[in-house]
Amino acid sequence: MDFQIALILFQDGITSGAIYTMLALGFVLIFTTTRIIFASYGDLIAYAALTLHALQNGRLPGTVFLVAVLAIVATLAEVYRLARAGAPRRIPGALVRWLALPLAPALLGFLLQGTDLPAPAEMALTVLLVLPIAPLLYRIVFQPIATASTLTLLIVALVLHYVISGLALMFFGPEGVRTAAFIRGSVNILGFHIQAQLIAVLAAAAVLSVGLALFFMKTIPGKALRATAYNRDGARLVGISTDRAGGIAFILGGFIAAIVGILIGSSVTIYYDSGLMIGLKGFVGAVLGGFVSYSMAAIGSILVGLTEAYASFFASAFKEIIVFLAIIPIVLVRVFLSRTPVEEEEEH
Amino acid sequence: MELLNASGISVSYGKIGAIRDVSMRIVEGQIVTIVGPNGAGKSTFLKALMGWLPYQGSMRFAGRPIDTMTVQDRVCEGMVLVPETRELFAQMTVADNLLLGGYIHRRQGHAALAAELDRIYELFPRLRERMHQQARTLSGGERQMLALGRALMGRPRLLMLDEPSLGLAPLIVREIFEIIARLRSLNVSILLVEQNARAALQTADYAYVLETGEVPLHGPAAELLKDPRIANVYLGSSAS
Amino acid sequence: MAHDLHANSAAGGAWKRNAAICVVAAALLAVPALLGSFAVSLFNLVGIYAITTLGLTLLTGSGGVTSFAQAAFMGVGAYTSTYFSLRLGLDPWLGLLAALALTGLCAAIMGAVTLHLGGHYLPITTLAWAVALFMVFGNLTAVGGHSGIGDIPPITVFGFALDRPHKAFYLVWGVLILTLFGAANLLSSRQGRAISALRGGAALAESLGINAFRLRLVLFLLAAELACVAGWMFAHTQSFISPTSFDLNQGMQILLMSVLGGVGNILGALAGAAAVTFGKNAIQDLVPMLGLNAGTFEIVIFGIAFILIIHKAPKGLSPVLGRFLPAAPRPPLGKGGADGLHFTRTAAPGGTEVLLQVKNLQKRYGGLVAVDDVSFEVRPATIHAIIGPNGAGKSTTFDLISGMQAPTSGTVHFNGRQITGTPARGLIARGLSRTFQHVRIRPNHSLLENVMMGAHWRMRTGFAAGILRLDRKEERAFAGIAHAALRDVGLDADPHAKAGNLALGPQRLLEIARALASDPRMVILDEPAAGLRAQEKQALAALLRRMREAGVTILLIEHDMDFVMGLADRIVVLEFGRLLATGTPDEIRSNERVQAAYLGEDV
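Which chain is which? The protein sequence lines are C, P and W, in order. In terms of full-length UniProt numbering, the first sequence is residues 1 to 348. In terms of full-length UniProt numbering, the second sequence is residues 1 to 240. In terms of full-length UniProt numbering, the third sequence is residues 1 to 603.
Treat the hints as calculated values from the structure; they're not laboratory data. Among the hints, a few may not be true.
Pairs of lysine to any residue, SDA-like flavour, derived with a Cα cap of 20 Å [what the hints assert, rightly or not]:
1. W/K312 with C/V73
2. W/K498 with W/L28
3. W/K537 with P/G29
Every beta carbon over 12 Å from chain W, so not counted as near; a handful from chain P, in silico [claimed, not checked]:
4. E28
5. P37
6. A40
7. E84
8. H105
9. Y121
10. R128
11. S139
12. R155
13. E163
14. L166
15. L168
16. Q195
17. D205
18. E214
19. L217
C-beta atoms are modelled at their ideal positions from N, C-alpha and C, and glycine is treated no differently.
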């Protein structure tokens, strides 16, 4: 391996690493707020890429149907809950939040079917279409079992992944797609060729990280989200709705997934089930951060990206194995370093 | 005016600290205390009032039924609980903890929250000195002040305090009770659960004794303070 | 009289049970004769998956550990045996031996590395293992790689090749029935009770002298070996395997089987495996009629079904199974154990030596000093109380003595030996037993079984003997001891009643009976009177006095002064982590500082 190849691999590694960092941020955000390891996270990336591809080719993306069905189910669940809780006055608000808001982009997508949109509009519509999926899933699948053990939540999240990717197969078919590139070429910096895509990815990762940091540190909703992550009971006692905090975390997570899907759609062929592998690697990064530290998660994700890039050169058949087996020593080191008391799942 | 009316409240909860058919009313502006030994169900009762535990029976707050309300709904109605465990946001600053105490008033704008914060800092000057410190670095007494301050940021009509003197040195306990007495002038009704029976009875207007999940005794605090049965419950000093 | 009644109902239950077993066995024997080849092979799959799921049921339902690697372990079994029979031309039975050895090795390494982890880390790492093993199978070009491999020879039994589903049926279901019986035996044995104790939290298990990690490891190995056997039968009955038979997808399906069946009952494994396998087949039949892709739809339907189960019936089918199955026969109560308390290791009252010596004990958490320079001594056959207001450091002191936490400095000597920092599980064998403030009993086990958990360290039966039911003699002997302990605390009216049905007061007595069954020198009790009614407190005090007369030393941590004053020989009062006073009840009562600490100062 000469220097040139090493440099190219390094660039690849950093690009993937930045992608995984964004995913890890989403994983950590959702986990700390809701204790859910949202395994279908990667699927949202695939949905974003597949949706964008459908829009670029003038087809109606299946995402429209998914969002419509989820919105109707969520609305029914919410109306039922409110009616039983003796709060019928809140039903109109619930209809707006759970039915009108998620359905608006779906309707827009339906009406614009076949129209030739400019690229930024296509991307914006993709984000709007993918965004409601995560909070709707949270409302339907996780909110009713919000107090279950972390383990139960994890198992449900994994099962949900199979449902979501199975639906992706029904909506989008088994063919892999590549979206039209929105950026290409390379930039010459100090004599090195830096791929333009790398710069776009790094910029997106930086903007997202800074944006999230400002949100958490400076705004009351952001602080409320952190408070929920640190102490759920304390949050409830000051009137923070943990359900709402979870919903916000899922919206933010969905937003990150949509951005990632758009970013990688032009350089990686995306199949209906590609999300799992991409998501799992972001997840490995999150594990390195012990699911609680954003900065550790970012470092972990860059390491995952680099490991993968160099492993693909030396032992391409085993690169995935290497990445996954890396979880185990990482987890061990974390557990022994942090000395956090082992969480007891007791049965009474 | 009657602020809280809880009637026939029962909680069956892990069998420890369960309560059976407890009724209680609080008149606006009063300080009411619940005294009783460990495991009698005092904390359980407060958690039930807050909607934190499922219960049987019915509750009205300021004339409205609240049985179907969640914890958050009750906070918005003006009920705030400071639990025994405080439940502070340990990794956040004192200022952020207080700010989140006013979470339900967030739509009133920054100026209103800042004014409220200022009021709390007047009440607890020590918190102003520590406003940029993380809550976990505070001493026990300061934590209790922060918990009280955070609760007051929600501008409660009924403030429920679970063992505010827990684990605090006598000097600090005195300070905390002075603050509690001062809150009365701020038109906050208080429900105080205490094992420090003497201090609680001296501060309160009305008192309930809770033993093994039932109320064998209640009356004006000044009367209970003289009642020999109270000393029995605590010291077992003479045969009953 | 009461005893006779039990004998009758037990005999009635046994009769119904045997009849039910005969009917089911006859129906099973008839399956191959009545059904076609395809249906029988479905039955075979049910049996194979039921064995795999049973491993997970033992691991999750009893041990409280979940693994996503069950299907991957099936793969290890299947691929090893396939390699041996197809590439080396050896008999599948030799392949099975090799597969068991390799699976054991893999599981031991995986378990040793990951079972120290708790919470969500463990399932995550098994997930990583499962993905990694799947990729390994895909890269094994010698046995087909990603595209799989066929023509795997059938298993032969005494020269008789099980080359058709009808023949393999008897092997699969024979193995399944044997493993079900073995699992049932195991769960009702000494190790089964230990597994259950583990489910009640590591604190309980360790206080009974159970090494939680080792127990989890054995369970993990057992589950992996069951999966290995199932994988071996899968390879040799299907005669074709590919990595997708053992991928994460499959691992999830096995998890679905165990959740659907419910982890509360070992027959849940069979019910879950049958429901999923037949359900899957029905979907494959029906969905193409609707013009949809069966493979896709299957996973979507299963997923939605799974989520609905978790939402609406988190215990799965096992409560239903429990209602229709006749009750298990009740274990014998055993003779032995005369009336009255008697112990082999206690000292006579009035001795001058010191049983427990606490010297300069200190515990810091960061800047906070929870216990500061506490010293006291406890003499044998006395009742010693530690009291103090909430937050005075009583519970921390208790934890330091009972080995739940290590002190920052200071020493604890028990019976002449230093036990400072000895882990909790090492103390029960030295004669130090404890109870819990928040009662830790196993609600679904009988009173008798709960008390026998206290005698765990005195018993010897291991896993193999338990599975093979070679433990009857020991079981009878210790059931007798446990029954005597129940009599001592006055809970012997129905030793087979479920412990979860007791009220709080009797539950505390049950914990004391459990401590007594360990043949203790000293019992330490954490707030035994909290939440008890007046009469219950009197009964408890009387019991503690009888224990003292029998020579058991008692250390109790209590908040309730009234309870302690009439009972204790000596009292230690703590406040703010420090020793406030120590002396006889009268001395403590007249101490002004204690009065101030308790009733509170004037404000």
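Provide an ascending list of the numbers of those earlier hints which the structure does not satisfy. The structure breaks hints 2, 3, 5, 6, 7, 11, 13, 14, 15, 16 and 18; every other hint is satisfied.
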